[in-house]
Amino acid sequence: MPGVERRSAHRTLRPAGVSPPALWLLVLAAGAFAIAGTTGAGWLLVLVAGLVGVAVTAVLLPPVLLHRVQVEVQGPRDARVGDPCPLTITLTGPSIVALVGVRSELRSTTLPIRGLIPFVPPVRGRLEEVDVVLESAAPLGLVSWRRVVRAAFAVPPLVAPHPVFDSVPPTPAAPATEDAPARGPEARGHQLQRGVREYEAGDPPRLIHWPATAHTGGLMVREVEAPGIPTQVILVDLRRGTSAEIEHAVSRAFGLVLTALDAGACVHLGTFETEGPRLRRITTRIGAGRRLAVAASGPPPSLPVTAPGTVVVVSPQSDIRP
Amino acid sequence: MTQSGSFARLRRRFGTPRPEGSLPFRATVLAAILVAATAVLREVGAGPRLWMVVWLGIPAGFVWSHRRRFERNLWLKALLALAVLVAFANFLRIVSEIAVSGAAQLQLPLAELFVWVQFLHSLDVPSRRDLLFSLSSSAALMIVAAVLAMSMQFGVFLAVWGVAALASLGLAYRSRLAETPGLDRVVEDENGQRDVAARTAVLSFGRSTALAAVVVACAATFVFALLPRTQATTAFSFPAALRDMVRLPGGGLANPTLGGGGESGRGPTQAELEGRAAFGYFGFATEMDTALRGRPDDTLVMRVRSSEAAFWRGQTFDTWDGRRWTVTRDRPDVLAGRDEVIDVPLGPYDTSYGTRRLVQTYHVEVPGPNIIFAAYAPERLYFPDNAVFQLPDGSLRAGVELGTDAVYTVVSTRHDVTVEMLRASDSLPLGIGAAGEELYTRLPEIPARVRDLAADVTATAPTTYDKVMALQRWLAENTTYSLDIPPLPEGADTVDHFLFVEKRGFCEQIGSSLVVMLRSLGIPARLTVGYLPGDRNPFSGMFEVRARDAHAWAEVWFPGVGWQGFDPTAEVPLAGEGPGLAGTDLVAWAGAAIPGLVRLLPGAAVLLAFVFVAWGARALVRDVRRRHGLRRSGWAAREIGRLERAGRRMGRIRGPTDTTPEFVADLGARTDLPAEEIERLSATLEAASFGPTPPSEAERERAEVIAATIGRQR
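Chains as they are written, first to last, in my numbering: chain A, 1 to 322; chain B, 1001 to 1714.
Don't take each hint at face value.
Pairwise CB distance ranges, derived in the manner of DEER restraints [what the hints assert, rightly or not]:
no.	chain 1	residue 1	chain 2	residue 2	range
1	A	L23	B	G1182	25 to 35 Å
2	A	A16	B	V1095	20 to 30 Å
3	A	P122	B	S1127	30 to 40 Å
4	A	P122	B	E1644	49 to 59 Å
5	A	A16	B	E1644	50 to 60 Å
6	B	F1070	A	L26	44 to 54 Å
7	B	V1095	A	A30	17 to 27 Å
Covered by chain A, per the in silico footprint, the following chain B stretches (three or more residues, Cβ under 8 Å) [what the hints assert, rightly or not]:
no.	segment
8	1134 to 1141
9	1153 to 1163
10	1166 to 1177
11	1216 to 1227
To give a feel for the contact side, a few chain A residues facing chain B, derived at Cβ under 8 Å [to be verified]:
no.	residue
12	L28
13	T39
14	G53
15	L61
16	T88
17	R114
18	L140
19	L142
Calculated from the structure, these hints are not laboratory results.
Glycine residues also receive a C-beta, built at the ideal position from the N, C-alpha and C atoms.
Build out the structure end to end from the sequences listed, making use of the hints.
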């Protein structure tokens, strides 16, 4: 369970609306004051003071209560653009009733609460923080105030692109090359081990490489290659193109990866990430989504002279098939 | 597109709203309405029919409306609209029968109209909007009640109504939010999370309502302190009412507060005075004997609504015989009015007065003298009788008894007198006429040392005003105020005895001494009796005049200015206080209330100590419970406790080092239950106490059956 911190980097607090009873209240107060002026009724002044006191309370109390609300937010490790991604939100502070939500879709609640709030990631990437909208007119419901809290994730969800399957080329058949002879595991009785790498979610436990794990201190798995399985290398080049074109290219790349994985191909994904160019084998959909979530504009990795199988370069302009 | 959007907005705003299902919200609105309607009925003294409409009709209407909230009720709406029109037509009929000047009599019909409309509306309040409208109309009822309220008891109604209204607003807000999809609550690993959530919601409402009430009270106090005092000068009609019209012999003075009422036209006898009521003031008679010792009490005699404090003047005495003051010219003129409005001319010994008007409305609380009190000088009288009597000194008497709930209004003209004006008046002709001068400077044979004292004290005073002030200073420096003075010796002169022998006295002795010394100097002066302004109630805005506020003071004639009051007993401003802030009265009221509160301190301290002890004991118990095991709450604790009791009966007392599985296994071994059942019970208890996932309902039920079976073992 990921730990979550709240960061108050950005806050806004502003009035959000006045309900009709608030206006009735002011009209009654004004009328009572006028009547007090003509009748000299002292109790009427007390009543006027009470009505004004209600109005003052209705205006001042909601922002004070909202200001004291603490917001924490947690999300799943992986998400996808356009797909529902409920966030776990924890609101503590004064016991008030309020509306809460991310963006404009607000839900009612009574604080304190730990609840799920609907959220659909709009863009790909590492979701570092979200704007949590709090709205309350508590306790009298006459004047609403809205506060936006920018809450940071301790473990930011990685938002994968929405895959686009249009114009996905058919996965090429497994080539029979010298480096990768068309022999299945059944033929040799075992798989080829290419090296070790860090464990990724979805890796079968039988692939854990215990000596390397003990050596590095982190969970390492054997990277194996079944010689009989077709290999596809997908390079994502996002150096040119508009923002929309880049996102579309990433979506197409994701579609390619998923199609290849579904076809049982051995997929290598080459992207440019924060750490630089990266070419790794992809074994799971989640792994592909994580890689593409953080794919950035930069030169893709250069391939070895003898690339293992079909190579596809996906860029905003077109798919380049060498 | 825009049109359809606007149309949708209009439909949302004015279309059929969603029926309101919150019973607490409906109940608090009903409570607010009942409190407000009760306050109105109490103030207007309504009959049993209206009480039944309020306390039977309105709740029944709410129940009916709640049950039919999903129906369209078109026929009902039509009937209600017709009924409202009938009620309004009836109100107009009553209004047409009331004289224009008697618009104050509209109170009861107006309240009746409000109550009927409220009742009719209660039959059709299906939605939240309707209920909020009802809440607003209850505020209108409170406004009506506040206009009529004079006593502090209205504060109780206001407080209860305020709490009900705040709770209603809070519940309406919650009901509104309930229509929005709620946040999915994440089920925690702890036991009984749902119960905690429900309890939190209830506590949340209680806390937020209490918080709102406290903040509203603080804000209202602050606002009230800043509001200007109420003014009573612009109403189109002034109150005048009389419960019973009991006629008195023409122009005579009756004062039931002196015991037996006193026969009209004469003062009370000594026998009457000895048996008089406790609060009466013997100055409200045609003769005042300064040898008598009276001590009026705190009885509330009347409330006065006025924008300024002033002396509520009753009558004057013109003739002094060394011991008694009498009204020698008590043959009154009849002042006739029309539609209960009576113009009051200046008396024969008055002069034209100021132009600033002061409206005072007097509400008689206990039957008193038929003197019509008024700030000097009355110009117009709104009185529930078309004739009153005016004495030559300008004072007014009613021709009827002024019993409880009698109300009359006096419009007086006021003159903002300055010291310069009074000093300059000496250069003007006296202007009171020879008869007036003779009447108000006349003295019997008085001891020479009184005359000499007056002459000595005023020897260096150049003007009449300075002479008055010099005598006042001398009285302040050489005499003391006291109600505990011995009886006047037989044959003694009151003024001489006070100035040279006793040197102690109260307002009659002090005021009489000033008047007598001024007359000895040839300055026209007279003794006036009436009431001090009294304490102004900061909430009702009215001056509360008590019997102990009865007072006597001197009036001195100043050419061109008229009669000017001087109170040698206390420092009294020449003119009334100006408009101020309501908070000033609040501070004064609090200051007066503090001594009473101090008396309550011991009891309050005991109560506070009890609360602290109870609070401490509660905290201690909670702390002990917490330290002796978090398991002592919830389902698991209850079942383990049951097993421990069973163990004690079976001779197996649980030790401090026994874990639950060990203890349960040991108990199970003493029963015929299968081992797997015992293990299941143990696992369920462990899961409920410490597990990440609480046991299911079925598992709990099964465990309870096993524990109960163990509990039945002997």
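Hint check:
no., hint, in the structure
1, A:L23 / B:G1182: 25 to 35 Å, "28 Å, holds"
2, A:A16 / B:V1095: 20 to 30 Å, "46 Å, violated"
3, A:P122 / B:S1127: 30 to 40 Å, "38 Å, holds"
4, A:P122 / B:E1644: 49 to 59 Å, "58 Å, holds"
5, A:A16 / B:E1644: 50 to 60 Å, "55 Å, holds"
6, B:F1070 / A:L26: 44 to 54 Å, "33 Å, violated"
7, B:V1095 / A:A30: 17 to 27 Å, "25 Å, holds"
8, 1134 to 1141, "holds (count 4)"
9, 1153 to 1163, "holds (count 4)"
10, 1166 to 1177, "holds (count 8)"
11, 1216 to 1227, "holds (count 10)"
12, L28, "5 Å, holds"
13, T39, "5 Å, holds"
14, G53, "3 Å, holds"
15, L61, "6 Å, holds"
16, T88, "6 Å, holds"
17, R114, "5 Å, holds"
18, L140, "4 Å, holds"
19, L142, "7 Å, holds"
Hints 2 and 6 from the earlier list are contradicted by this structure; the remaining hints agree with it.
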